[in-house]
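Residue numbers (my numbering), protein chains in the order written: chain A, 7 to 504; chain B, 3 to 156.
No wet-lab data here; the hints were simulated from the structure. A virtual CB, placed ideally from N, CA and C, is assigned to each residue, including glycine. Careful: at least some of the hints might be erroneous.
Distance ranges between label pairs, derived from CB positions [claimed, not checked]: (1) L354/A to V82/B: 44 to 54 Å; (2) A79/B to L21/A: 16 to 26 Å; (3) N91/A to P44/B: 22 to 32 Å; (4) A13/B to W294/A: 24 to 34 Å; (5) A21/B to W497/A: 45 to 55 Å; (6) A135/B to N91/A: 51 to 61 Å; (7) P105/B to F10/A: 28 to 38 Å.
Part of the chain A face toward chain B, derived, beta carbon under 10 Å [unchecked claim]: (8) F178; (9) I349; (10) V404; (11) Y412; (12) L425; (13) R435.
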Amino acid sequence: MEIFDSLMHGFAVALQPEHLLLALIGCTVGTLVGALPGLGPVNGVALMIPLAFNFGLAPTAALILLVSVYYGCMYGGRISSIVLNIPGDEPAMMTTLDGYPMARAGRGGEALGLSAVASFVGATIATIGLTLFAPLLVTVAIRFGPAEYFALFMLAFATIGGVTSGSFTKSFIAACLGLLLGTVGIDPVSSVARYTFGWYELYDGIDYLVALIGLFAISECLLFLERDQHQRVAPMQLGSAVPGMRQSLSCASTIGRGSVIGFIAGVLPGAGASLGSFLSYVLEKRWWGSKGRFGSGDPRGVAAPESGNNAAAGGALIPMLSLGIPGSGTTAILLALLLSMNITPGPLLFEQQPEMVWGLVAALFIGNVMLLVLNIPLVGLFAKVLQAPSWFLMPMVVLVAFVGVYSLNNSPFDLYMMLAFGVLGYVLRKLEIPTVPVVLGLLLGGQMEFNLRRAMAITGGDWSILWSSGISIGIYLFAITLLVAGLIYAWLVKQRLE
Amino acid sequence: MSDDASVSHAALGDRIAGAVLALLALGAWWHSHTFVTGFMQPVGPGVFPRLVSVPLGVLALYLIARPGINQRWPGQAALVRQLGMLLLLGCYGAVLEPLGFVPATLLATVLLMRLFGARWRQALPYGVLLGLALFVLFEFALGIPLPDMPGWSV
């Protein structure tokens, strides 16, 4: 019942008018950003961070705003999948498979209504999971010392290759690159300047937010400039969303399965919403076999991935909040926000700032209801926004990013840095080297090194402390298992392709 | 989100990237020896960068030996547009403080919209609208002191 009490206190925090308003703003902005093709939760949350700073928001309020954007994006991603056949963000990719055929058949409104309910159920189940499991994980994590934390960071990086699509080599290269970039600046332990080459602007290290916005938002715009700019989108008759809500009853079992699978995929380090929606869709398709019409407008093909990706988004918050280790790009950005506000997530956060953690969890429950309410009547409005021309939307994104980054430190140097990271992100994406591990390396590198050095300081330089406790050996074994499983999976996929 | 049509088996990009990264790893390793280890520090400031540069170097060499898949590189027209955007934004950063926020931003919004395919009669009104909206949002709603135009102050 302790959890229940904490959650009630959380609701008291989340129901303050300021927090409710921020959640509403976040949900609306998130749905819009998620709906815009190419702008996923990563970009949405990254762009909101400078705004949150400039509003002078307290950490709890800023976090509520950003997770509302995050949840909103997961809802919004489905809209352009269904209406335009372009996934609004990566996790919404699976939704195009059955959502667009439904829309073509004049059942777009139905698909949007059904997917809104599926998203709601998925996200709610995941938030309940977060409420129950995060405190459990905290009771284990509270016993972690520096050596165990170091092992945990190794786990995060070992598993990263499994999911960020594509080659293991490239994922690990990206992680190493991020870790190396993370060492730039004055070393906090010895006060030695590392890799600054006399540039005093680099002494504080590379600003996470500048790097993030460059890697994601600027590189997205560069990629966009390559595409054919004269694609016109034909408006489409959506029809009513009401039958979709009724349909969700007949898809209840699909939604339930999708939510659970998505949640598990979200909790695993390095996995994330894309895996969640992929697994839910594939398993659901196999479950029904020839009885389903998957791929040609089966409502279950909309319900499964949407419940899956929203559940995964909630699940991914668990390792971020209770261990301080993000499982996805977006949770990495949330971590960056917290670190910039001098708050270190992890087991201590639950003890020292329970009102923040539980306020956040309560805000997620409230935000979910808001999103469902927003998404049923306003879906036509959101679908209209998609038809705004890209020559207006993309410059807007670039300039919000630009002015936002400038306003952080009032420094033109940050702007050039952001452009440099934009080019880096673009080149990496062209080379199919994932950018999320770079961000994780940059973010976690400092903590990883700090824990390594603390462990060494305890033993006076004896490296065996790293694998001397049961917990750390367990973590290493788990990491190796996941790594091997990922390698085998990649090998199987390759065999299948050839 | 890459569609299959734009993926090509171009090993060259990976090989170049591998070579650059291998050099980077080597440089990072070499440079890390200049970091002075303090008194009573079992692990100095150079150890962690070295620990990272070893796998980076090894993986980069592996990438040279076994390159993977790259996406197709942009054509000349796209490349010009991309360089245009970078140049435009770079100049924007440079003139932001000397010119002041409003003129610099108005120029940037109009030109960016042109770059993203708008006609002049679209880019001019909407660019001015967006520029002014950004000014109002950041200066008044968010209360950030933006660089003033010389001789003006809000």
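Structure-based check of each hint:
no., hint, in the structure
1, L354/A to V82/B: 44 to 54 Å, "holds (52 Å)"
2, A79/B to L21/A: 16 to 26 Å, "violated (54 Å)"
3, N91/A to P44/B: 22 to 32 Å, "violated (58 Å)"
4, A13/B to W294/A: 24 to 34 Å, "violated (41 Å)"
5, A21/B to W497/A: 45 to 55 Å, "violated (27 Å)"
6, A135/B to N91/A: 51 to 61 Å, "violated (31 Å)"
7, P105/B to F10/A: 28 to 38 Å, "violated (58 Å)"
8, F178, "holds (6 Å)"
9, I349, "violated (22 Å)"
10, V404, "holds (6 Å)"
11, Y412, "holds (7 Å)"
12, L425, "holds (6 Å)"
13, R435, "holds (7 Å)"
When each numbered hint is compared with the structure, violations occur for hints 2, 3, 4, 5, 6, 7, 9.
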